[in-house]
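Going line by line, the protein sequences match chains F and S. Count along the first sequence from 1, add 2, and you get the number used in the working numbering. Count along the second sequence from 1, add 725, and you get the number used in the working numbering.
Hints in this document: simulated from the structure, not taken from any laboratory. Hints should not be assumed to be uniformly reliable.
Said to hold, decoys possible - Lysine to aspartate or glutamate pairs mimicking EDC-like chemistry, simulated, CA-CA at most 20 Å apart:
1. F:Lys245 x F:Glu267
2. S:Lys1116 x F:Glu268
3. F:Lys281 x S:Asp1038
4. S:Lys1019 x S:Asp875
5. F:Lys275 x S:Asp935
6. S:Lys948 x F:Asp70
7. S:Lys961 x F:Asp109
8. S:Lys1116 x F:Asp70
9. S:Lys948 x F:Asp225
Each chain is listed here by its residues.
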Amino acid sequence: MFELKPMLSALWRNKVAALLIAVQLALTLAIVGNASVIVDDRQDRIARPTGMAVEDIVSVTFHPTNSDFDLSGAVQADLDMIRRIPGVINATHTSHIPISGSGSSSDFYREPNQNSLDGETANIYYTGPEFIEALGIKLIAGRNFTPAEMKIFNPDDHYTSPVTIVTQQFADVMFPDGNALGQFLYTGKNDPIEIVGIVERHLGAWVTWPLAGNVAFYPALMDISFGRYVIRAEPGKRDQVLKQVEEKLAQRDSQRVIHIKTLSEEFDEGYAKDNLMVKVLSAVIAMLTFIIALGIVGLTFFWINQRRKQIGVRRALGATRANISRYFLLENCLIAGTGIAIGMAAAQIGNHFMVSNFSQPALPLSVMLACSLILLAVSLAAALVPALRAANISPATATRSV
Amino acid sequence: MFGYYISLALRSLRGTPVLSALMVAAIAVGVGASMTVLTLNYMMSQNALAHKDQVLYAVQLDSWDPNSSYRGDRNPTRMPWELTYQDTQVLLRSDIPSRQVAMHRWGATVTQDDSELRPFIGQVRVTTRDFFALFDVSFLYGGTWEKNSDNNSIQQVVITQRTNEKLFGGENSVGRTINLNGNPFTVIGVIENWNPVPKVHDLNNGAFNDSEALYIPFGLHRKLGIYSWGNTNSWKHEKELEGRGYEGFLQSEMVWIQYWVELESDEQKQRYEDFLSGYIREQKAQGRFERPLKFGLTRPSEWLVVNQVLRDDNRILGWLSLAFLLVCVVNAVALLLAKFLRKAPEAGVRRALGASRKSIFTQHLIESACIGIIGGLLGILLSTLGLVAVKSLAMGFADRIAHMDWVMMFAAVGLAVVASLLAGIYPAWRISHTNPSIYLKTQ
Chain F
3 MFELKPMLSA
13 LWRNKVAALL
23 IAVQLALTLA
33 IVGNASVIVD
43 DRQDRIARPT
53 GMAVEDIVSV
63 TFHPTNSDFD
73 LSGAVQADLD
83 MIRRIPGVIN
93 ATHTSHIPIS
103 GSGSSSDFYR
113 EPNQNSLDGE
123 TANIYYTGPE
133 FIEALGIKLI
143 AGRNFTPAEM
153 KIFNPDDHYT
163 SPVTIVTQQF
173 ADVMFPDGNA
183 LGQFLYTGKN
193 DPIEIVGIVE
203 RHLGAWVTWP
213 LAGNVAFYPA
223 LMDISFGRYV
233 IRAEPGKRDQ
243 VLKQVEEKLA
253 QRDSQRVIHI
263 KTLSEEFDEG
273 YAKDNLMVKV
283 LSAVIAMLTF
293 IIALGIVGLT
303 FFWINQRRKQ
313 IGVRRALGAT
323 RANISRYFLL
333 ENCLIAGTGI
343 AIGMAAAQIG
353 NHFMVSNFSQ
363 PALPLSVMLA
373 CSLILLAVSL
383 AAALVPALRA
393 ANISPATATR
403 SV
Chain S
726 MFGYYISLAL
736 RSLRGTPVLS
746 ALMVAAIAVG
756 VGASMTVLTL
766 NYMMSQNALA
776 HKDQVLYAVQ
786 LDSWDPNSSY
796 RGDRNPTRMP
806 WELTYQDTQV
816 LLRSDIPSRQ
826 VAMHRWGATV
836 TQDDSELRPF
846 IGQVRVTTRD
856 FFALFDVSFL
866 YGGTWEKNSD
876 NNSIQQVVIT
886 QRTNEKLFGG
896 ENSVGRTINL
906 NGNPFTVIGV
916 IENWNPVPKV
926 HDLNNGAFND
936 SEALYIPFGL
946 HRKLGIYSWG
956 NTNSWKHEKE
966 LEGRGYEGFL
976 QSEMVWIQYW
986 VELESDEQKQ
996 RYEDFLSGYI
1006 REQKAQGRFE
1016 RPLKFGLTRP
1026 SEWLVVNQVL
1036 RDDNRILGWL
1046 SLAFLLVCVV
1056 NAVALLLAKF
1066 LRKAPEAGVR
1076 RALGASRKSI
1086 FTQHLIESAC
1096 IGIIGGLLGI
1106 LLSTLGLVAV
1116 KSLAMGFADR
1126 IAHMDWVMMF
1136 AAVGLAVVAS
1146 LLAGIYPAWR
1156 ISHTNPSIYL
1166 KTQ
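So here's chain S without its partners, still in its complex pose (with noise of 0.2 Å):
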């Protein structure tokens, strides 16, 4: 019965083109423009950290000025988003969380000695050694650096799988030298290929970024003089720091550090809240941390909402895109309505012989859904072609999230079809429920 329908619907929407085109282009259309939208805010709106999310959790103390609110936010207890150096330096020595990593974005001339490799800024991402297995990035050659290269400066790089093809031609480089801003590196570890969409542990500095190419450890600040290539802010005259130089930099209450912390249990948790209150508190005794007492541990999944990463600008087109969907059913149900009722004598014909109601309605409703996947297929296509749109309107900042996988594709294809259901609903009832006797009669 159920293929007898579809070749009577695809029968009866050869029989008026026109008609057909039109709800389908409407179909295509409306799903078309809203999964653009929607593949664009379901990408931006994705986690890499899901698996860890119940243990991993961003780091903010509230050290910020008691006087304005952080950066000229409209909510005037927002807490930094960073840390300082100084505060990152008492957490690093606390054993609480299984693992923890203090980071924060840099970059560097890369160069090789007796190479005819052109010298090329390489993004580096200066932390420390959990960065590795707490954010879950495997090793293809070596591991990461020892403890004390956290506090001392010794010059190690982790370098990406991609680095190491463009600089060793992807054999296993672990003890090769490479220079960083001219100071020479080893390189101890490789590292797979690792560019979450968004990146989730860097928020701050363009969430759709690729991650870096090399990763040095956090005892370098002093021997280089690294000064963050990310956000930097600070609030505070500190006179007595001046003349004290890159020292004097490192001891302010400037904020530039990101901070994570693993902890696995609630205890756990627990016991890192209360060091962190325990923590505050004593600084507070030294006149430092001057606002209420606060601090902010956040999931991963918290963490992409707190920092904004589906913008307003998304959410507006998202529900406008919905919007449009919504006319298009509208039309198609108009649309749908003159087409069956064209068609009315025929169904008043197999209700004299027998059909029920049910059964013409049916019917009708499977005819509908044929314009649905019809026009979910075309969707799929114009929303690729919207997509590739977007991505070159976007200028760089849409190319890892303007794509559509195999989810949304099938997304696309329910979506046509739960519309054109539902824009078939009236009109099929309607249909089944004509008198037959009234289209006999003129037969």
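Just chain F, with the same shape it has in the complex (with noise of 0.2 Å):
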């Protein structure tokens, strides 16, 4: 019924180019499995979320150009104004921009006096109670920094503070029994640091960090050449807050140099390598598809053409058109079955590579299941059109020059 021995045959004796075929779908196969791995490994970590209101914050740095500059001062006044203007929700100041590639970290430990043997880092941000609302973040534990626990200092000083707010992944790390409200870390000093709150979520300074996520907050304003704040405005309302914002702290004071920036640019910037290599790769994935698409049409065509004898003959003979276009599908997926065969082999030897050498993420059966199937499907749907046409080849042909 399935006239495969024929076909075996008519394959035998075309054996190279049905074999190029096979080969061109084997390394679509490989190429495409490993590629989309890696794609999916990316769009995750693109999604993974921020914790924070990214799309209604705006950043501000700003440097002074006189040397005796009143930080803590300056930083009280423009915070004042800033919460005044209409749309804001509120805004504080930070030692590092949030997901901006700057930032600092520390190792903590469970005990006083320890040395780096057993320590685990997060990020550390020096801020005002207010960077719960400014971030937009969720307070899920204890309790919030109070007015009377910040703290200005100097970079010299050497400042521990007694509180801290960690993120709940921070605290699982340090207390993984789920206690960690109230218990002590240590920076490998003596001085205990409380943790008094744990908020749900803050991805910290650096997004392809493998530790991104750890991060203690303490209350505290560094006295240092530079301030910088982190406003969240109302939903809607962030471009026109931007504005507003950047008028105002020039007018309270020209003499300073200011960068505003949104955090939906910060978090373009920090992703834009991951967000690189999944356009790049989804183009490599999507162009390879498509010409070995045409490749299978230009050959299917040019198999049929050198066929069309024996199509008519078959065809005087009594086959349907539905008989002949099923040959040559047939045919095709003889062939595709075969390259999807060697390229299932040869994705796992590429993604062995990769994973070895570049520590990438294992290609998962399904992923390659799911590549085999849409490959299969687009090599049925380039030898459709060919195979369409040869049931067209009329049975006259084959009695013009035998």
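Got two chains here, separate frames each, mind docking them using the hints?
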């Protein structure tokens, strides 16, 4: 019924052309499989929740131009002014802008006076009690900082805050039993730091850092030569707030250099490399699929042309149009099946190379099967047009010049 | 004969426009995609200090924590990339290297008295006087500062040509004054724009960022209380330094200073190595450098590799793009086979009229090469588009690497021709070995 035997012998006569298609499909599957697993991985990373209202936040960095600048006074006055701008939910100073790629980190211990052997690393931020509102993060346990806990310190002071708020992720890292609230952390010194609150999530400074999400906040302002703010606007009012903030800050003190940026920009820049990888690999997948489809169309046409006479003879001997189309589609299935089988092996070998040399994720069976099915479908679709055309070859062709 | 083959080839390409277009498209897309990626990788692998690769060395000293790896590095014996301030002060006193540079990134507001200029943030490099000679940076006006500025607080500044244009309209500004964070600095030199890609001398602050606009002497730390705008890493809690303010920071185990030396002969290098070992031994005796004695003197070319300027992602894309090109070549083989075999009767007639197998083979190979050249030219166009796309997706970090130079354009056409010749060998061989008599019979 499936004419397998004549099909195989016909294929054998054309083995090189058939092999070329199979090899193309195999290579394509190897590339597409490995590329899609990387695309998946990066997309998951980009889609990770940041914990913050990224879309609504404006960040400010300012540098005074005179050497005797009163930073804490300016911060107080700026923030009072910014909070009065209509559309601003809240604003705070911060030692670093979240997800901007600029940040600092510290090692934490459960015991005082530890060396660096068993410390856990977290991003640290010196900020004000308004940070929860200004970032739109959620306090899920404990309390916020109180104004009395705020402290202004010089970076050379080696100041240790007695209280901290940490992310749930970091709380779990330090205290896997889930009893982090009220416990004490140490930074290698004697001074205990009490965990007074836990926030749901905050991705920290470096989005591609393996420990991203380990964050601790301190209620303090570092007295250095420049300052930073984060300001959260009501949904949809970010751009208008950004303009207002820019104007008002310049009005209040025109002798400063001020950089204003939305947190969305920082987010996009932080993930630019992952995003680039996703886009380039997706383009590669699309182009490859398109190219092999074109190749299959071209080759099947040629093949059919070569066998016009045989097709005519078969039609003259009583084969229906459906028989002819089915023949070519089946033939294509056989070739594609072989190619895909080889391709699965090649994809695994390629993935092994990616995992061991470039520490990329392993290729799961489900992704490989999905890619195989899609490729098979593309291959069949590409063969469909020539196969239908073949069915149109008139039986008269056979009688012309035998 | 060659010209005749080319005209035959072009005629044959016109004869089967669809099949030819498919082949050209396959080669063009394959070359376009792989050249986009290879261009990026090629630009990322440039070494701006190649001409001094034999004499320049980045210095590393293993002053890190004996109990843990440097910044959680998977390789536990990795040395920190940068040095402590206290070590650089000793190293700078050595007279073994012909030149040496201690430096780090900084930034300050730039203003001018009695000027309409809007204040801006200037990217500053705090460095020693040899910087310009060691990295071969030439001066437009003036020159570098005197040796004593490297350990005294003398407020002098060297600016780039572009900064000079911005601040002084491009005139000779030596002797003029600008303010950095409100402190007056005298301009003593203007350097030509110097912007190596990648920034081999400073790889841990974004290898593809612009070089700094202003350069100030290394003796100003205490005066201005300068903290690095680059990486500062610490591992040790030093109680005795608490309460000592900025001085405590300078005397700490924190690493934040990049260090380069110029050593012109093996003998000089040997002496410098002995000096470094001696220094570390001496420090060990005082309880510092608790790890096994280790230092690094790394040439620029190696420095680029160990700092992984070419990231794993770039290598992955490189491999994938080559695999992509391979698929395109296999595709072209199949299509060429189809095309040539369709013209087998023609080849049969030529054979019958006395053409040798070799000339049939050559003729068809030239036809493949023509496809390659057209595909390669289109491929350049596609990779230019690809690079524009990459540039916009990269949001700034690829601005200075996403463009093709002449080398890469020739490489693109070369790659296309090689790919199409490889693709053409089997089909051309196949057609040159067909038996002419079959085709003569049915004509």
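Against the structure, the hints:
no.	hint	in the structure
1	F:Lys245 x F:Glu267	holds (16 Å)
2	S:Lys1116 x F:Glu268	holds (17 Å)
3	F:Lys281 x S:Asp1038	holds (13 Å)
4	S:Lys1019 x S:Asp875	violated (27 Å)
5	F:Lys275 x S:Asp935	holds (18 Å)
6	S:Lys948 x F:Asp70	holds (13 Å)
7	S:Lys961 x F:Asp109	holds (11 Å)
8	S:Lys1116 x F:Asp70	violated (41 Å)
9	S:Lys948 x F:Asp225	holds (17 Å)
Consistency note: the structure conflicts with the earlier hints numbered 4, 8.
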